[in-house]
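A.B. asks: Here's the letter readout for the chains.
There are 2 protein chains.
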Amino acid sequence: MKKHFLIALLSILSLNLVNAQQLKSPNGETTLSFLLKADGIPTYQLSYRSKEVIRTSKLGLELKNDKKSLLNDFVITDTKNSSFDENWTPVWGEVKTIRNHYNEMAITLNQKETNRQMIIRFRLYDEGLGFRYEFPSQKNLTYFVVKEEKTQFAMAGDHTAYWIAGDYDTQEYDYTTSKLSEIRVLNAKAITANLSQKSFSSTGVQTSLMMKTANGLYINLHEAALINYPCMHLNLDDKNMVFESWLTPDVNGDKGYIQAPFNTPWRTIMVSDDAREILASKMIYNLNEPNKIKDTSWIKPVKYVGVWWEMITGKSSWAYTDDYPSVQLGITDYSKAKPNGKHGANTDNVKKYIDFAAANGFDGVLVEGWNVGWEDWYGNSKDYVFDFVTPYPDFKLQEIRDYAKSKGVKMIMHHETSSSVRNYERHIDTAYKFMKANGYDAVKSGYVGNILPRGENHYSQWIINHYQYAVEKAAEYKIMVNAHEAIRPTGIARTYPNLIGNESARGTEYQAFGGSKPNHVTILPFTRLQGGPMDYTPGIFEMDISKLNPSNTSHVNATLANQLALYLTMYSPLQMAADLPENYNRFADAFQFIKDVAVDWDDSKYIEAEPGEFITVARKAKGTGKWFLGSVNGDNSRTSNISLDFLEAGKKYTATIYADAKEAHYKTNPQAYTIRKVVVTSKSKLAQFCAAGGGYAISFLENK
Amino acid sequence: MKKHFLIALLSILSLNLVNAQQLKSPNGETTLSFLLKADGIPTYQLSYRSKEVIRTSKLGLELKNDKKSLLNDFVITDTKNSSFDENWTPVWGEVKTIRNHYNEMAITLNQKETNRQMIIRFRLYDEGLGFRYEFPSQKNLTYFVVKEEKTQFAMAGDHTAYWIAGDYDTQEYDYTTSKLSEIRVLNAKAITANLSQKSFSSTGVQTSLMMKTANGLYINLHEAALINYPCMHLNLDDKNMVFESWLTPDVNGDKGYIQAPFNTPWRTIMVSDDAREILASKMIYNLNEPNKIKDTSWIKPVKYVGVWWEMITGKSSWAYTDDYPSVQLGITDYSKAKPNGKHGANTDNVKKYIDFAAANGFDGVLVEGWNVGWEDWYGNSKDYVFDFVTPYPDFKLQEIRDYAKSKGVKMIMHHETSSSVRNYERHIDTAYKFMKANGYDAVKSGYVGNILPRGENHYSQWIINHYQYAVEKAAEYKIMVNAHEAIRPTGIARTYPNLIGNESARGTEYQAFGGSKPNHVTILPFTRLQGGPMDYTPGIFEMDISKLNPSNTSHVNATLANQLALYLTMYSPLQMAADLPENYNRFADAFQFIKDVAVDWDDSKYIEAEPGEFITVARKAKGTGKWFLGSVNGDNSRTSNISLDFLEAGKKYTATIYADAKEAHYKTNPQAYTIRKVVVTSKSKLAQFCAAGGGYAISFLENK
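Note that the protein sequences, when read in sequence, are chains A and B.
For reference, each letter of the first sequence is one residue, going 0 to 703 in numbering that gives the first Met the number 0.
For reference, each letter of the second sequence is one residue, going 0 to 703 in numbering that gives the first Met the number 0.
Hints listed in this document are in silico derivations from the structure and should not be mistaken for laboratory results.
Cβ atoms here follow ideal geometry from the backbone N, Cα and C, with glycine treated the same way.
Check before you lean on any hint, since a few could be wrong.
Unchecked claim - Simulated restraints on C-beta separations:
id: 1; chain 1: B; residue 1: Gly438; chain 2: A; residue 2: Lys435; range: 57 to 65 Å
id: 2; chain 1: A; residue 1: Asn584; chain 2: B; residue 2: Pro260; range: 42 to 50 Å
id: 3; chain 1: B; residue 1: Asp354; chain 2: A; residue 2: Phe83; range: 53 to 61 Å
id: 4; chain 1: A; residue 1: Thr88; chain 2: B; residue 2: Gly438; range: 30 to 38 Å
id: 5; chain 1: A; residue 1: Ile330; chain 2: B; residue 2: Lys293; range: 18 to 26 Å
id: 6; chain 1: B; residue 1: Gln21; chain 2: A; residue 2: Thr191; range: 54 to 62 Å
id: 7; chain 1: B; residue 1: Gln21; chain 2: A; residue 2: Ile330; range: 32 to 40 Å
id: 8; chain 1: B; residue 1: Val74; chain 2: A; residue 2: Asp401; range: 54 to 62 Å
id: 9; chain 1: B; residue 1: Thr429; chain 2: A; residue 2: Ile330; range: 24 to 32 Å
One chain only, chain A, in its complex shape:
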């Protein structure tokens, strides 16, 4: 018997070997293997230049209240291989043209007992893998509920990870750099207070997750095209170093209501031995559907200022009055309320920002706190919290609109929803129409606090559907969206390029809430920015917040030169100059860089990159051919040694270098900077000092 069993086992093993199907990336250096294990369990494995990236990992989904989960009992009924190579032109971006080049393998599985079909589609790029589950239209699988997706990502070692804790409601955490095995003990410390948060596991982390292996690989796990499905977190089995998907549940703990035909989002694994390739990859965008907006002429990158930082620092307020214990829209009579004297969105102040924007070439002015309801907007689970159309008495909408128009400046709308999602949807058409009637082409939306409907999470399927609804509806109105506290992007801006920005990470505002880690901005491009641009709101020149608000002792953990570099390193078609005009006026020479820098690009060259340490990138401005360069540095000072070989050969440029002074330090001396001009060519080398939490920025002007 035993012998027979062994023989049987060997046959299975050899059968498995026979069954294993391989796919190679276009350059042949990345290899995917797919294998049905015993009992028909689908597995995959990924390697890069003969190094194991993903050890054999299971695939499948656990269903709720169903006769059988989609985990095993499968046979392969079809395998289709194909190749794809195409260039496409983004509406805005880091580069003019994006190449989408992959080899594909689609494996059709049939579950024997249920006679259900599931396709696993793999797309293998030179820089990584995307795969998804597909459920074709079929009689035996129409509607089903996902109890948990059981996609594994088995790591080949105890890698270094740059992680934030898994959370159903926020990504606004500082990153922790640790070994995978240390996540469990460091988790509690990694979770800092947030206005809405729900963690679920001491080994849960969020994507995009960046890792580095002992043998020199950079690995990134994320997802692409997250539509009508819950956000995927990763939970680590830290005995075996196996990550498994952990979807965001709805209020009942369910993790996805599916109707076939349906495709899940793509699960992505980027890999390279060069960290710069992770930053340069467009794989996430490539895995998304092409642009669905026919006329994109109204989608334009935006550099803007706004009445915002003064509220964030506590210098002024969103609310108009302190008179009422609570307010009710349509009932509270603001005309009779006593102004609190520190309302930021008053007409005079807004005009000051408009003047500043006009004088310095900014496209737009954002104003928060312009509309009634801010007196009790947060923390009350208030349903009818904003109407998105009624200004405070001191915000003269028409006067401001006309003034901005006369100055050639676009007003940017603000829709804080307070996460009262039904209320926003009830008003969204009226609100968008109001925007268009008053010349607003872009909206910053916000989802602060706990979601209504109560019990839902920021990242559950139901609410992800809402964010998508808001973006698609905005497209109908030709409105650009910059959604804060919404789901972190997964490349959907390819399909809906009116989604010009998101927050969905710890932004600059935290520098006024106690500060962020100095190396935060050397990690974000590897993680949060993989899915799309961030409205990071850089450009803070006054690091001592008490200068703005004596009762706020927060310190901005960055040098002034670092803040300039962010306009390059934190790629976004939407860039704010977040500080107050008076602070820019104090440092007019440094401010010149923010005035000059472009926000849309024909080309980008990642020159140096190491997560947590430094990022240096040069970009060629759209249309003008001007080059700009930014370099941000982590916790320790260093010298950045780079070549300027991205410049056009044979030409001379005047490089204006905005850099940390020798004595600069993010904490003790953040405003110590130097500005120097040098003539350079593509053969020039640069050795540039970078302070701790510092960096440098360069504008290149061709000498003609």
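Guided by the hints, dock chain B onto chain A, whose structure is given.
C.D. replies: Here is chain B on its own, set in the frame of chain A:
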């Protein structure tokens, strides 16, 4: 010490007696007492003609996560007494003018520890009491969450009750008649299957709850003006016969998110020793706010037929095709689908109904199943289930619209939401605009199945807000609403008279789903109809459902004469003739009554009434002066002995009496009826046989 304690106790007791505050109804026969008990607990007591109606009962609310609930520690800081007497004219109704006459006592309580204010406002009518909690705007009570409302209704005995089981999602139950003490054992049997249901307690019952006492009182407990608050159920402490409010929770178990200033709905206790006065009472309407719709010219009572009963019986289908395992709006190509051959809402069939309506003087034609999505509309928790604007290929919208217009018939829209509430709100503006563009003035909406957002209940605050939103928005579009499966009405049609109907009870459809109790219609006017009209869809002439659909063996437990009487006894400004045209053509002489009967009234006289047994009412048609009379009977045959003294003295009338034949019986011989004409005056008496489950209907034509 003991002696001192006793003296102290006596002082408190006497103080309490001194503190007791009394309010008498306008006619002096109903008395309310309010008393703060020891520890500042508010209580009330109600009596009628010296009989105890409500024994001393506690008042207050338990709060969630709050420093102190609103249950005790109160002192009275103010008492305001006033009287009110006014006549108002409803847009539609049982009578031309309604008198709102009450004495009021508003008691302001202050909670000592928290310094919070709560007002309890009592309005005492001759036929009962309404009271509510009011939370004025105040610093120490702004936002709070109700854990449970703790309003007691202490019964003075083990009364007979006509009840349906408490349920968060449905009221579509048959009534059980039992002693209060028997509710617990009968509860499980009382709960029959429903597409969405959630019971919560074996002694939980719904309002409006009708009771009869051993000493001859009729008592009704309900609520009025349920807006922005959960529906109140009642849970019985059956040792002490004390009902306590049991609010419908949200998905988290919370029972009301409140922002002060706020008033709860009114809790109502109707009482009389004459059951007819309960039916005639307009107290629930009177406790609602006056009409908020300025121009009401577009609100018109409606008598209608529809493509509906044929689907309910299974003779035809809502769905167009059986081709697809599931459908996706905007993706499924219906033009390529094979019709299933039994789709009711096809153009020819609709035209047949339009012809029938035009030929017989009906105002409107309802068509269900006209729009795409019915193939998988129920039970799949499907979000985007209907779009409310796209017809099936065989429903030629424009052709039907034009045809109906040429025939002088109004089409009635149908919006089944499948309880996908967000989806309905997303489409509601477009759907209402579509209605107006195509000549629809009224909509029947439906909320079948479990609510989305998932976990919410049909009667929770969040969803009650939705029903109200739909009604108010419809008013903006001048659309009349008839909402099925929505919250049972609480008199809101006074404020929004475009709410011309609701279902919210076990309607005629259940006669095709296995049948209802024969005496069901002798209870509904005492219960469900207290809050507003019901779209009961009477007028079934063919009781053997297998004649329509051989595979449906259900039997309509009513005689044909009973079905005619319902047009009087089930007051509604919206009345359907629910059966198929061919069945009406078979009984053209009886159908004449449905053609003749009015749907709006200048006066109504309840002549006989006993819950569960019989109801006889005469009504004077609006404008025409014609009288109609209806009488429904319960389980046992009887003779109805009435006087026709409601007729105008000195005039002669030809009464056409549609009655049960002697051999008639709801089960064995439901179609045995007689029609006779007699000349009558206001001095005439009538002794009319009523079969079990039977009744009679009379039209009076003045002899001139």
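A.B. asks: All hints, please: hold or fail.
C.D. replies: Each hint tested on the structure:
no.: 1; hint: B/Gly438 x A/Lys435: 57 to 65 Å; result: violated, 30 Å
no.: 2; hint: A/Asn584 x B/Pro260: 42 to 50 Å; result: holds, 47 Å
no.: 3; hint: B/Asp354 x A/Phe83: 53 to 61 Å; result: holds, 59 Å
no.: 4; hint: A/Thr88 x B/Gly438: 30 to 38 Å; result: violated, 48 Å
no.: 5; hint: A/Ile330 x B/Lys293: 18 to 26 Å; result: holds, 20 Å
no.: 6; hint: B/Gln21 x A/Thr191: 54 to 62 Å; result: holds, 59 Å
no.: 7; hint: B/Gln21 x A/Ile330: 32 to 40 Å; result: holds, 35 Å
no.: 8; hint: B/Val74 x A/Asp401: 54 to 62 Å; result: holds, 57 Å
no.: 9; hint: B/Thr429 x A/Ile330: 24 to 32 Å; result: holds, 29 Å
The structure fails hints 1, 4 (numbered hints given earlier, in ascending order).
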